[in-house]
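Both chains are given apart, each in its own frame, so use the hints to dock them into the complex.
So the protein lines, in turn, are chains A and B. Numbered per the working numbering, the first sequence spans residues 6 to 224. Numbered per the working numbering, the second sequence spans residues 812 to 1192.
Mixed in with the good hints there might be a few duds.
Claimed, not checked - Chain A regions said to be covered by chain B (calculated; three or more residues, Cβ under 8 Å): (1) 35-41; (2) 105-118.
As the list claims (entries may be wrong) - Derived CB-CB ranges, DEER-like: (3) B:Asp-1182 <-> A:Asp-139: 29 to 35 Å; (4) B:Ala-1073 <-> A:Arg-8: 53 to 59 Å; (5) A:Ser-79 <-> B:Ala-1073: 33 to 39 Å.
As the list claims (entries may be wrong) - In silico negatives: residues of chain B with every beta carbon more than 12 Å from chain A: (6) His-824; (7) Thr-976; (8) Thr-1036.
For the record, the hints were derived by calculation from the structure and aren't laboratory data. Backbone N, C-alpha and C fix where the C-beta goes; we use that ideal spot for every residue, glycine too.
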Amino acid sequence: MIRARSIEHTWRDASREVRCLNGLDLELEAGEFCCLRGVSGSGKTTLLLALGGMLRPTEGSVQIGDEDLYSLSSGARARARAREIGFVFQMFHLVPYLTARENLLAVRSKLGKPAREARADELLESVGLTDRADHRPAALSAGERQRVAVCRALFNNPTLVLADEPTGNLDPDSAAVVLDLLTQYTAQGGVVLMATHSETPESRASRTLWLREGTLHTT
Amino acid sequence: MSVLYQIYAEATHRWVHSLLLFGALFIAAALPVAFHTTGSAAKRETSRLMRDLGYNVRILPKDAELSSYWAQGFADGALPEEAVQRFKTADDLSYNHLLAMLAGRVEFRGASVLLTGLTAEVAPQTKKKGSMIFEVEPGTVHLGHAVAKGATAGEEIELSGLKLTVAAVLSEAGTIDDTRAWVHLSDAQKILAMPAVVNEIQALECYCADPGVDNLERLREELETIVPEGQVLRMDAAAEVREKQRRLSEEYFELLLPWILAACAGVVALLTAINVRERRAEIGILRALGHGSGRIASLFLLKAAGFGIDAALFGFAAGSWLALEFGPAVFPVTAGKIVVEWSLFSYALIGLPLFAAFSALPSTLAAVFQDPAETLREEGP
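Chain B on its own, in the form it takes in the complex (with noise of 0.2 Å):
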């Protein structure tokens, strides 16, 4: 007779038993798998917020006087234009996004104008994502909303003696990006007469996680160590409340997690425990029957890992059912962001019958060792 058939007939057997343990690794599924679905979308939703507030760090030459900065609009003083492209190969940092930018008042059509150079954003290589901003080609101009000046897409201007194609007049934004005139890069160093320069790079802070850190001195020490010749500013913003709304919340799972999972192992060991005993006299005679210490030890670890893949599959539907149904509910301002999260089946699927196996482990070992004689003998004449 095969171990599972035993396994099966044993558990059908005692249901109530069964059931019970199902259950216990049913809840230490479903609720890991709920709380972490809607955590993921908090997290989520959060990123997309930072990401709609814009970059939100700025890196200029550490030599740039900060009113000044404020005042023009763009920094005295100028950094490598490579400095940008030493992100790329550090790993684990707290800057994304990079973009490096060259900026400076020229005259158009009678106004000043911030006249703004870029290239593609830069990633570190652990961090690539699609850009924030759009890219300008060379030889082309993408236009503020009110330094165009009747300007439309498709005419050829002139910044400061450079031709340029004008490849969109940009909508109203309301900020000082209105005033810009964004070129690319190498037409900018041109225009400014700054070759192989910048002086400004624009970031993202990611989102860090440890609320005992002081993000702003990370971010500075970062800088340190991989643009020496810059400071670092950062813009406080509406997203650090959602960071650290989500961080609350994330704290409260934490902190709850360990308890619902601590439980759920307690009760299956407790009930594997209460089956080992009722079993005390079929362990006995199993021995009698010629059935070594690996056949009643997978008797109990199999069964508690069989539920567990059980529990797991539906756990894991229940959880996610759960988020979608109560997660909009209790988090609504990331109700849009909840989906399945299906890489969290696999860790389910491995993990819990795992859990339930060790949680076992206790109450099988002390089945293993048990004495069939002393039990056998409880029953003799």
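One chain only, chain A, in its complex shape (with noise of 0.2 Å):
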């Protein structure tokens, strides 16, 4: 369903170059749940990002079903993001500016004006946050904003799900709420990735890949 081919990726500046991702193949089917663990500076965030459409990989290409995303103009890429890839971060990312439900609404959908609201109320519900929908992340928990991004990740109801850390401000209780509400969603088909430092999301995980050397190891 994913498919990631000889992914190489270089970092470079004026002083030096830093090849993070070297030749690395993956392959994620729907319903998995994937832990990916390794090292500080190992390459994780760059491969979520590379596999999200955001970075293009120095070589190699990803694939999501039928769809080569590098294949694609920026805008087609844009699009096909919208609709197959979600993306929950450490530090939440939410806009400032706009209350927990306008993050959701902010999503780029194909969907009409009520169904888009019907949607959001929808997902805020299901993470208990209705009486805070009209709060800006400011006024939220650490834990509340975590959900909303996840809400907002799971808007279009995409085919994947990259998560980079999610868990790694949060406190036991708000993490487990947040691991719950991906958990949920592989068991509808979904495909979790979660680049992690933590052991515990791994109790969740269909399987666990190390990034070390470039490479995805599953020891």
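Structure follows, in structure tokens:
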């Protein structure tokens, strides 16, 4: 369902080159909850961004269903990203001037306005945030913000959710809620690839991959 | 979510930034409006003063002796009557309010009268304005104060054998005009037996905005192409002093305005750059949410343009108020002429949003070309 082939990526700046992905292959199937582990700087975030169509790898291809993300124009890739991929970040990255509900409505979507509003309300209700819908992120706790961020990632019912250390800033209870949400999503056929330093999510994962020296390992 | 709502939400959230942006654009609207409003009043005042001082250009036959002209009050020689009509079709002239005249001495009730025949004023096609002088109907005469000799309006008199009805006796002017008997050109041509000719064309010199140009030289050059059989005299007058004063104030505004606008553009550009910098993560996440470059660009350009519209509305009102309130103190001569310049409103309403958008353009491009992966990676584990 999601295939990454021979992914290589090299970060370049004025003084040096760092090759962080080195001919990496990855396949993810529907309903899979995959944990991605590795030391800081090993390239986990780079891989997630490359799989999400946000970072064109130096070499290789990323396929979601029948679509090769990087053979698409930037506009088509943006549309594919909206349709097929959800992102969850450690720092939540909610738009600070929008309310929780508006953050969900900020997702690019083909739905009409009433349908979008109904979808936002449904998602917020599912995570127990109906009464917080009109609060801005600054007025929400870290756990609530991350629940909003997960709802946003799930808004278009995407094929793949890429989660970059989503529980890193959360207390254990809030982390458990977020992991529950992602687990429910995979139970409905979605795919989660979660970068993490923590061992806790592994208990939910169908498999764990280690990123070392630019390639993936099972142990 | 609509772009406009997102812009509104962001603008109210970062209200200090919004206030500064509005302030810079408000100044960019208000000061030019205030300057232009008072400047236009000064221009109208100059025109009025120059008109009040009368025709200040004389076109005489080329061979006319000037000493004789000043001594007798009319020029020897003649110009074809149709010469004045040639100005009608000419463009971009320094002449306006052209008045063809035929003057000569006649006797009336024992005194020498300066018989002056005239027709309606002629104006170049792009400068049509109301006449500066009364019109005389054929068969009538307007008598100067010094030559009326008891004649009254409605009375029939005879001038060198031609019977004319007195249309008016003019009030005392204290000039040579007091000795004139104004008749229609055709009547003067009959009395003086000079058919189809004139011996003087009076005119008003238009204001010349270019201080580097010798006005008299320009008048002569223009006349050479239109009426080569004529020569031109220009009356130096108080209007020139007024013209110079206005030119001085215009130059002052012209010097100041570009700096004000450049400063405002700089502030708008800086504020947009700060805004883009503050919103790097937001731009990254909007990309991740599937939004393209158009959406990102419109968030900044439409915001700047929207503030430009608001600032144009308030800036126009404030600039007009400034001109009306403080203009009379700064320009006492033109105080009565300062009025709201509504023509500036549309310029402000169209120009300021464009000005704001152009000022915000460099930072907007930086936002569009920002690599979202860079921003989002900075936050990664």
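Hints versus structure:
1. 35-41: Our answer is that it is violated, as 0 residues pass the Cβ test (under 8 Å) against chain B, missing three.
2. 105-118: holds (count 5)
3. B:Asp-1182 <-> A:Asp-139: 29 to 35 Å: Cβ of Asp-1182 (chain B) to Cβ of Asp-139 (chain A): about 34 Å, so the range 29 to 35 Å holds.
4. B:Ala-1073 <-> A:Arg-8: 53 to 59 Å: Roughly 55 Å apart at Cβ, these two residues keep to the hinted range, so it holds.
5. A:Ser-79 <-> B:Ala-1073: 33 to 39 Å: For Ala-1073 (chain B) against Ser-79 (chain A), whose Cβ atoms are near 35 Å apart, the range 33 to 39 Å holds.
6. His-824: Not fine: 3 Å to the nearest Cβ puts His-824 (chain B) too close to chain A.
7. Thr-976: Answer for Thr-976 (chain B): holds, closest chain A Cβ roughly 82 Å.
8. Thr-1036: Its Cβ never comes within 12 Å of chain A, the nearest being 60 Å, so this holds.
Of the numbered hints stated above, those contradicted by the structure are hints 1 and 6, listed in ascending order.
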